[in-house]
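One line per chain: the protein sequences are A, B, C and D, in this order.
Counting with this note's numbering, you get residues 18 to 327 for the letters of the first sequence.
Counting with this note's numbering, you get residues 18 to 327 for the letters of the second sequence.
Counting with this note's numbering, you get residues 18 to 327 for the letters of the third sequence.
Counting with this note's numbering, you get residues 18 to 327 for the letters of the fourth sequence.
Hints listed in this document are in silico derivations from the structure and should not be mistaken for laboratory results.
Check the hints yourself; a few may be wrong.
Since the list gives no way to pick one copy over another, a pair counts as held whenever it fits inside one copy or between any two copies.
The calculated lysine-lysine pairs, modelled on DSSO-like cross-linking and capped at a C-alpha distance of 27 Å, are [stated by the list, open to error]:
#1 Lys319 <-> Lys252
#2 Lys297 <-> Lys193
#3 Lys285 <-> Lys249
#4 Lys193 <-> Lys172
#5 Lys88 <-> Lys305
#6 Lys88 <-> Lys325
#7 Lys193 <-> Lys285
#8 Lys297 <-> Lys172
#9 Lys172 <-> Lys252
#10 Lys286 <-> Lys88
#11 Lys325 <-> Lys286
#12 Lys83 <-> Lys319
#13 Lys325 <-> Lys83
Protein chains: 4
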Amino acid sequence: MPLTVEASGVFPIAPTPFNPDGSVDWTSADRLFEFYHSIGSDGVTVLGIMGEAPKLEPEESIGLVKRAVAKMGAKPIIVGVSAPGFAAMRSLARQVMDLGAGGVMIAPPTNLRTDDQITGYYAQAVEAIGTDIPFVIQDYPLTLSVVMTPAVIRKIIQDNPSCVMLKHEDWPGLEKISTLRGFEADGSLRHVSILCGNGGLFLDFECERGADGAMTGYAFPDMLVDVVRLQKAGKRDQAHDLFDAHLPLIRYEQQPGAGLAVRKYLLKKRGVIASEAQRKPGAPLSAKARAEVDYLFDRLSKLDARAKAA
Amino acid sequence: MPLTVEASGVFPIAPTPFNPDGSVDWTSADRLFEFYHSIGSDGVTVLGIMGEAPKLEPEESIGLVKRAVAKMGAKPIIVGVSAPGFAAMRSLARQVMDLGAGGVMIAPPTNLRTDDQITGYYAQAVEAIGTDIPFVIQDYPLTLSVVMTPAVIRKIIQDNPSCVMLKHEDWPGLEKISTLRGFEADGSLRHVSILCGNGGLFLDFECERGADGAMTGYAFPDMLVDVVRLQKAGKRDQAHDLFDAHLPLIRYEQQPGAGLAVRKYLLKKRGVIASEAQRKPGAPLSAKARAEVDYLFDRLSKLDARAKAA
Amino acid sequence: MPLTVEASGVFPIAPTPFNPDGSVDWTSADRLFEFYHSIGSDGVTVLGIMGEAPKLEPEESIGLVKRAVAKMGAKPIIVGVSAPGFAAMRSLARQVMDLGAGGVMIAPPTNLRTDDQITGYYAQAVEAIGTDIPFVIQDYPLTLSVVMTPAVIRKIIQDNPSCVMLKHEDWPGLEKISTLRGFEADGSLRHVSILCGNGGLFLDFECERGADGAMTGYAFPDMLVDVVRLQKAGKRDQAHDLFDAHLPLIRYEQQPGAGLAVRKYLLKKRGVIASEAQRKPGAPLSAKARAEVDYLFDRLSKLDARAKAA
Amino acid sequence: MPLTVEASGVFPIAPTPFNPDGSVDWTSADRLFEFYHSIGSDGVTVLGIMGEAPKLEPEESIGLVKRAVAKMGAKPIIVGVSAPGFAAMRSLARQVMDLGAGGVMIAPPTNLRTDDQITGYYAQAVEAIGTDIPFVIQDYPLTLSVVMTPAVIRKIIQDNPSCVMLKHEDWPGLEKISTLRGFEADGSLRHVSILCGNGGLFLDFECERGADGAMTGYAFPDMLVDVVRLQKAGKRDQAHDLFDAHLPLIRYEQQPGAGLAVRKYLLKKRGVIASEAQRKPGAPLSAKARAEVDYLFDRLSKLDARAKAA
């Protein structure tokens, strides 16, 4: 299904499951997408920064997109197509749309500095992939070193009708959401979907500021789905209660560099994927880190049990 | 009191209280240091990055150090002396030591890249300030863009006998603490104190990894004191329970750029300082952010009340 | 004399002469300013990046400004006042203006990224130092990592009447000069002086693009004076002939990091300063580098001799 | 022919010739490689940073390698294989070696900081492409933001027997060559070829410091060949005379960003390629820049004529 400005809810960032020998674990990939579908995700994002995309052969990347399309019902699939050149970006974008993807996500190259460089880059990217492909702006200064003001984001959206979503991952970022929704209220910006990343670390308030949901890979996307649902239903305290119970683990998983290993370990613990293996070069969890995650997981389970008993 | 490698516990990073007209609020400064003293802090750090030091006139900086020395009992005062040149660093360091400070903290300039550049810089800094002044390495890659490996930190410590402490603020940083304590265990590194920053966001586990405590400015340093005490007493679950209750607020305060305003707002709410004013250029809280902090504060108060009732 | 938008010609960036023991060599400082004055410089810049300013004690900085004022006739003295905080910037700026300086130069802090951050910073700086002090924008992305578009520079100039000059040191930078002068032609930008840096490496064409001259520390400022004069007189080929003869040495001196040592060595060779010493931490010339500079100096001398004979 | 540690002389960095409609101009590509071959180049480098590699479709990249192999006699072809992930790097490396390339060039990703990160990256890259492929370290801090000390380069070379060359493009870089050759003299480093970049701006002295030649794309590679030959023959003054005549143009072409347009324009002027077109996104020359290049070209031609007449 094509991605539109009405997209809302939770789009998990899918990790790529590997076997311990480094090959793609297609069975786990299928199970992962089925899991995302079953818990009420509204779509999924593949080949993102946390999807180990640069370690994949082209046919593996394509394979993942096909599985996602096949397993996620008619829900929109977003594919990360950021690349060092427009040739590769165009080629991947057109290919995955033909396979049934709903849209693509584009991150700015890390050497962009001025407002004009950033808006110019997106204009060129859209010219390269074609104006018919719905695209997502990835705003992630912590990792990409590119700082986009609300005015720059507005210009990209207004100049490019095929822009349908902002993947919001600035930090701090709450005021940015308010500013963008304020632009919309004053008529200077058309509506696009805003989904938030940063491992979900601020999802509680991001919803209250006007975000439509989350696009992140936290190992409990079912909780993210519930928090967004509760917030949309106006059940603020319940949303925060649920969110706060997860916060020790969210915070642990959100550590740059180490986070992917935590995420895969938890997804394995939960029975979703078979192995926590990363393709080389990877950063495996130390024994101490593993024990810490176990400890937080146990505390969360006890809280859950207590909540259900109550 | 001179700072030594035995330093342990909590050294709050003191903000500088201002009156709404931009002048230093000396009454609040006195009350702030009295507060830190009364809750069982083991020392205090002034003129740090979050202390708005570059906005102060030289005599104001000196005034703050004097107040800290006067109000904190015999506890060691650490003074941030990072400067674009060694002339200013030396001059400030010698001056504050004469006034009774216990040691100084030195951050690397943001343009350092290679291991040799970093160790070379600390060698020069020590030559500049003199080998008789106890100093703290500030390892804060997120803000300073300087990445120090454990081996680099070891070399600085081993080469410079006047190094007594690491202000640990890498992110992620838990493995770094374990590696450094491992160096100590295998005899390749002498013992120094490790106090952790990052707003306290990982203090629960940092203590377990071998850190001696916290050096950070979270608006509830009393909680930091309790967490460190509980961890030292081996009361792990209680430490985490207390910590987790604060985590929503810790996380909110730890946002770069916005954090200082949150911290001052909370200290004012708690009656410690009279105004949340920052000297220009400052970033005040929006009405929405203020309401969010109020909401988290109320939730924390209810949790506290419930905990006390239990 | 106050610096105005009519400033033109050559403003050497003065190095700070030191004795081999690290103390300031005031005799050489006097001789240096006399030299600049005698060769027809139109002003001078002190306490710039290449003036080792952060290594100076406050009273030494002030001393240098006083000498420059005393020795340069009524020519305008520009003083670098960039600082990590506005308190120090204000204090130094007001002090040197009282001593007779003509204006101050302000570089943006290296962490600025967006257009708004840059224009906002200059607004705050002007508020801090006062609107009565003529100031120079230092645009030097290679060293400062801050990229200012022509539109950003225009906004700073238009918003701040006390801006009188652009120190132009972008690289590449020729189109930027043309764009700014184009803004002036189309009425969207008032006239300010543009003096160019980068060690003079593009001075030949910068003059042709509309720059008013040079602000740089190349060890033969007399040549810079002649090139600017020839270009103003429309003697293009002669200007290039003279410039090209110096280009091997200009290029050699313009190497980042190593350049200051080359510059001081050449000024010593020319009898202007007594020692090439840098205050610690410095980067002295290797024996090989010294021999290379000697070789280029000799080749230049032979070319000069031949030119005079012709 | 396989690339070995004995490689020496000039390896031009080949631009990719395009037709004005953006398609690859294969006729010009053939003529370009024939030109490089005929002037006495010792090899050629394709798909480098200045070869617009990221703008090429995979089959175009392969096509260029095939042409180079076919037209350059048995001379070694170096292929740039830097990529965001090791999957793409491995795949391209193995493919071009099968087609007859002599070796590959690998640049470090821009986010590497510490010594260990850099040496670790090259270890992983070699593991990915296989230890049987001769490779070149690309040391280019100005563009890549990765700073490699001589000790780090030594470790990469010593740890990886398949490393045969250093593409030296540090700036300043003369001392680095001397240090590396000093390592070789003291027995701590085996011999590898060192070819220099930076548009040739320091080739005169780089040869004297121990470099084996140049790997750069200056539009007069015939001059580079002559300078290296003269230096090897011990004709120092003649080498410098020839070099200095080109320096105004070398300097002009070496401007980051603008340089490729200058290079293509000059190669077109010289009749080597049919069009100066860059594939989008490109930065064409302004009319003023074009006139400046014409002016420098004419001055060079007159000097040449005079030199031949003498």
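Hints versus structure:
1. With identical chains, the CA atoms of Lys319 and Lys252 are at most 27 Å apart both within one copy (23 Å) and between copies (18 Å).
2. For the homomeric pair Lys297 and Lys193, the shortest alpha-carbon distance between copies (22 Å) is at most 27 Å, but the shortest distance inside one copy (36 Å) is not.
3. For the homomeric pair Lys285 and Lys249, neither the shortest alpha-carbon distance inside one copy (30 Å) nor that between copies (33 Å) is at most 27 Å.
4. In this homomeric assembly, Lys193 and Lys172 come within 27 Å of each other (Cα to Cα) both inside a single copy, at 15 Å, and across copies, at 24 Å.
5. Taking identical chains as interchangeable, the C-alpha atoms of Lys88 and Lys305 are never at most 27 Å apart, the minima being 36 Å within one chain and 40 Å between chains.
6. With identical chains, the CA atoms of Lys88 and Lys325 are never at most 27 Å apart, being 31 Å at best within one copy and 50 Å at best between copies.
7. For the identical chains of this complex, Lys193 and Lys285 are inter-copy neighbours only, at 26 Å across copies versus 35 Å inside a copy, given an alpha-carbon limit of 27 Å.
8. In this homomeric assembly, Lys297 and Lys172 come within 27 Å of each other (Cα to Cα) only across copies, at 21 Å, whereas the closest approach inside a single copy is 39 Å.
9. Proximity of Lys172 to Lys252 under the C-alpha cut-off of 27 Å is found in neither arrangement, the shortest distances being 34 Å within a copy and 47 Å between copies.
10. For the identical chains of this complex, Lys286 and Lys88 are intra-copy neighbours only, at 22 Å inside a copy versus 51 Å across copies, given an alpha-carbon limit of 27 Å.
11. Within a single copy, Lys325 and Lys286 get their C-alpha atoms as close as 21 Å, which meets the 27 Å cut-off; across copies the closest is 35 Å, which misses it.
12. With identical chains, the CA atoms of Lys83 and Lys319 are never at most 27 Å apart, being 38 Å at best within one copy and 49 Å at best between copies.
13. Proximity of Lys325 and Lys83 under a CA criterion of 27 Å is satisfied in neither setting, with 38 Å inside one chain copy and 55 Å between copies.
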